[in-house]
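J.: Going down the list, the protein sequences come from chains A and B. Once you know that position 80 of the first sequence is 80 in this note's numbering, the rest is easy, because the numbers rise by one and skip nothing. For this note's numbering, count along the second sequence from 1 and bump the result up by 1000.
These aren't lab readings, by the way, just hints derived from the structure by calculation. For every residue, glycine included, the Cβ atom is placed at its ideal position computed from N, Cα and C. Any given hint could be a false lead.
[Claimed, not checked] FRET-style restraints, in silico, Cβ to Cβ:
#1 P31/A with L1005/B: 48 to 56 Å
#2 Q1067/B with V21/A: 30 to 38 Å
#3 D59/A with I1008/B: 41 to 49 Å
#4 E1148/B with L73/A: 46 to 54 Å
#5 G17/A with V1072/B: 24 to 32 Å
#6 T60/A with D1127/B: 48 to 56 Å
#7 S77/A with L1005/B: 40 to 48 Å
#8 L6/A with E1133/B: 56 to 64 Å
[As the list claims (entries may be wrong)] Over 10 Å on every C-beta distance to chain A, these chain B residues come out as not near it, computed from the model:
#9 L1005
#10 T1049
#11 Y1153
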Amino acid sequence: MSFIILAIIKTALVIYGISIVVVLLRMIIGPTTADRVIAFDAIGAILVSVVGVLSIIYDTFSYLEASLIIAILSFLSTVGISRFIEGGRVFESKRDR
Amino acid sequence: MSLNLSEIVSLIAALSILLGSIAALISAIGIVRFRDTFLRSHAATKSSTLSVLLTLTGVFIYFLVTQEYFSVRTLLTILFLYLTSPVAGHMIIRAAYNSGSYMYMKEFTKKGTSLNFRYDRKETKKDRRRRAEKRQMMNEAFSKNDKETFSKYKQVMKKDDPTLK
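Turn these sequences into a full structure, and let the hints guide you.
T.: Written out as C-alpha cells, the structure reads:
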C-alpha cells in the first residue's frame, strides 16, 4: 500500500517538473517584462509545492521551512519588479516634498 | 489485503497532491498558450494558487496521519499564499497596464479569432509607450467625467489594435 502512495507522489513530482519546463518557455519568449514576471511568480508557486512533496519523499520535517521562505521571497521579488516596471523606482522616499 | 485508517487517509492525501500537480500543469499550459499579458496572468494567479493549496493540504494531512506531526509551518505557508497571491497578481497587472502592453478586446477584433492565439507580432518599445500615454489620457478623461474625450480616445484605441490590420 505504501508503495502505491509513493508511486502517486513521485508521479506528481514528475508532472511538476514538466510544468516548470513549460513555464520556462514563456519566461524565455515573453515579449514584455510583465510576462516574465508572471512566469517567475508561477515558477515560485510550483517550487513551494515541489519542496513540500520532497519532504514527503525524504521523510523529514526540515524542508517545510524552506517552502515558507520561498513563498515570501517570491512575493517580495514580484512586488519589487512590478513597482520597478511601473514607475522606474522601487522605493518612493521623497513623495511629500 | 487489509487497510488501516491511516493508509486510507494517506492515500487520499496522495491523490490530493496528484490533483494539485495536474492543476499546475493546466496553469502552465495556459501561461504559454494565451494571447496577451492579462489573460496569461488570469491563468497564472488563480489556478496556481489552487494547485499550491491542494498540494500543501495533502502534505499536511500526510504528516498528520502517518507521523502524528501537526506542522504549523505548512498551515502558515497556505495562509501566506492565500493572502499574497492576489496582491502580487494585481500589482503585476497594474504595472503591465500602465506600461502599455497589448490587450485583447473582443469587440475590437475580427470574428473567429480565438483566445489562445499565439503572440506573433513584433512590438517595439515605442508602440508600448504611445499606448501607455493614450491610456493615461483615457483615465484622466474618465475620472473628470469628460465623455466626449473618452469616446474619442476609445476610437483611437480601437484603431491601435494590430489584428485589424
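J.: Any of the earlier hints contradicted here, and which numbers?
T.: 3, 10
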